[in-house]
Amino acid sequence: MAELHVSLMTTIQSPIAEELNASSEVTWFNAAYLIAVTSLTPISGKLCQIFTPRVYLFVSIIVQAVGLLITSGAHNIATFLTGRAVCGIGSAAVTPVSFILVTALVPPPRRGLFFGLINTGYTSGLACGAIIAGALEPRLGWRAIFWMQIPFSVAAVSVALAMIPRDEKTDTTGEESIRTKLARIDFFGVLTLVTTLILLLYTLSATKIDLRAVFLSIGMLILFILVESRWAADPIVPPSVMRSRANVFSGIATVGVMTARWGVLFYTPVYAIAVRGWLPSAAGALLVPTNAGFALGGLIVGWLHIRRAGSFYLPTVVSFVLFVVVHFGVSQLVTTESPLWLFIIALFLNGFVVGALLVYSLAHLLHLTLPSQHVIVIPFNATFRSFSGSFGAAITGGYFLRTLSRNLHSGFKAIGMPHNGELVRRLLGSPQLVQRLNGDEKQVAIDAYTAALKATFLGGVGLAIVMTAVQAGVGWVAPEEDSHKLGRDDSDAITQVLSREAATG
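Counting in the numbering used here, the sequence shown runs from 29 upward without gaps.
Think of the hints as simulated: they come from the structure by calculation, not from any bench. A portion of the hints provided could be inaccurate.
What the hints assert, rightly or not - Here are the computed lysine-lysine pairs in the DSSO-like style, where the Cα-Cα straight-line distance is at most 27 Å:
| id | residue 1 | residue 2 |
| --- | --- | --- |
| 1 | Lys74 | Lys236 |
| 2 | Lys470 | Lys441 |
| 3 | Lys470 | Lys482 |
| 4 | Lys482 | Lys441 |
| 5 | Lys470 | Lys236 |
| 6 | Lys441 | Lys236 |
Said to hold, decoys possible - Now the in silico label distances, taken between C-beta atoms and shown as ranges:
| id | residue 1 | residue 2 | range |
| --- | --- | --- | --- |
| 7 | Ala442 | Val505 | 11 to 21 Å |
| 8 | Trp369 | Leu307 | 13 to 23 Å |
| 9 | Leu465 | Ala211 | 50 to 60 Å |
| 10 | Lys236 | Gly444 | 18 to 28 Å |
| 11 | Ser52 | Lys441 | 16 to 26 Å |
Virtual Cβ for every residue (Gly too), placed ideally from N, Cα, C.
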């Protein structure tokens, strides 16, 4: 359900944008949801410790249901985005609670199977959300797609509450104890981090970049670092982790590559609708091969290659290079003439390489850090991964809209229609509108979408090249104290976080 909330928007954004008169705000349809999810990720584990996973999950699903209700009843863009954000706050519990429960309730020999099942569920959500939403919207309308999820969410959490055993020690924790634990949460750090993200993503997703917001976000980032390093009693990110080159470089490289990857997830259905003229239900099906490749890539690498502790520097860097090559191939195939079978193969390989890349990257990061630090390093890396959805929605979305707007204006001007501002505004938010045009207008729109999609994917290629250099900078020499051997707990932790990837990519 959590990933379905992201992918469904790729095929139903057109009717929403048209009804709410929000063609210029389409990038925020997903960004509002993802920023909310990302904002709670750093403290979700602590909230589970304070309130128990049962209580946290129950309250979160209720919040999610409220968000879905607000979204389905929205009659303006402000209310719609508020509903998406509330829904994201509720959905933030799903991933941490899932892995906490598996770790607590499943014997170590079977955890890998259950982590794999969770991974499959998230990947299926990404693949199916766009298809289901695209098929239902013409028959039921976009509002029904949101409110129909409420009974399913409530039913799911009811079953979960019935199946999850009570933790008597935690459930009977006194009010004073809960207050004390809440007081230890680094709320100021969370506030500065969230403000940094919102300011940065706001300007990057806009049709025109606001430098004031960029400078303010930099200032808030500096404040966040000061808070974490000097004042926070229980910081979100321990200073020792932030000072580690391997941690920081690996995290940045992960965010960069996954930002490019999210561009494929967001705009492949848009390509099918606007350029190829597919129905939204069929357009969503293009996400199936790339998500299948993603799941298979991580599974094969983890099963066949990563059977030891140690350096995976060369496989990691090679995977980054392969991603650049495959992503470039995808960018060259977003045309009306490209063979569909070749485009599907490119999408599959794109997902496969990313799935393998992320497994190699984390395995190598664990080689570069002491086993005693893994309990901190793994959540730190997972938090970076969770950022990628928000950055992917904002950065690729903003760049795509700015490029598409320029192409549409110049294209209409070239055919003697320079004053088509209203049509441009509608086309920015509705790829389905392209196929309802005729003659030169339709050709201009198709050409503009094609060029914007190609530019967006090529931008991802450039970003991936930079991230390859960043990943290469992590090095390959482990700390002297590292025994190069992982115990059972470390192996379990690795499996847990590798499985989390489906929740962010």
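Here is how each hint holds up against the structure:
1. With a C-alpha separation of about 38 Å, the suggested pair Lys74 and Lys236 falls outside the 27 Å cut-off, and the hint is violated.
2. Simply put, Lys470 and Lys441 have alpha-carbon atoms about 14 Å apart, close enough for the 27 Å limit, and the pair holds.
3. Restraint check for Lys470 and Lys482: satisfied, since their Cα atoms lie roughly 18 Å apart, inside the 27 Å limit.
4. Among the hinted pairs, Lys482 with Lys441 is consistent with the structure: their alpha-carbon atoms are about 21 Å apart, no more than 27 Å.
5. Among the hinted pairs, Lys470 with Lys236 is consistent with the structure: their alpha-carbon atoms are about 25 Å apart, no more than 27 Å.
6. With a CA separation close to 20 Å, the supplied pair Lys441 and Lys236 stays within the 27 Å bound.
7. Remark: the range hint 11 to 21 Å for Ala442 to Val505 is contradicted by a beta-carbon distance near 57 Å.
8. In this structure the hint that Trp369 and Leu307 lie 13 to 23 Å apart at CB holds, the actual value being about 20 Å.
9. Separated by about 59 Å at the C-beta atoms, Leu465 and Ala211 satisfy the suggested range of 50 to 60 Å.
10. A hinted range of 18 to 28 Å for the beta carbons of Lys236 and Gly444 is consistent with their spacing of about 26 Å.
11. At roughly 20 Å, the beta carbons of Ser52 and Lys441 sit within the given window of 16 to 26 Å.
When each numbered hint is compared with the structure, violations occur for hints 1, 7.
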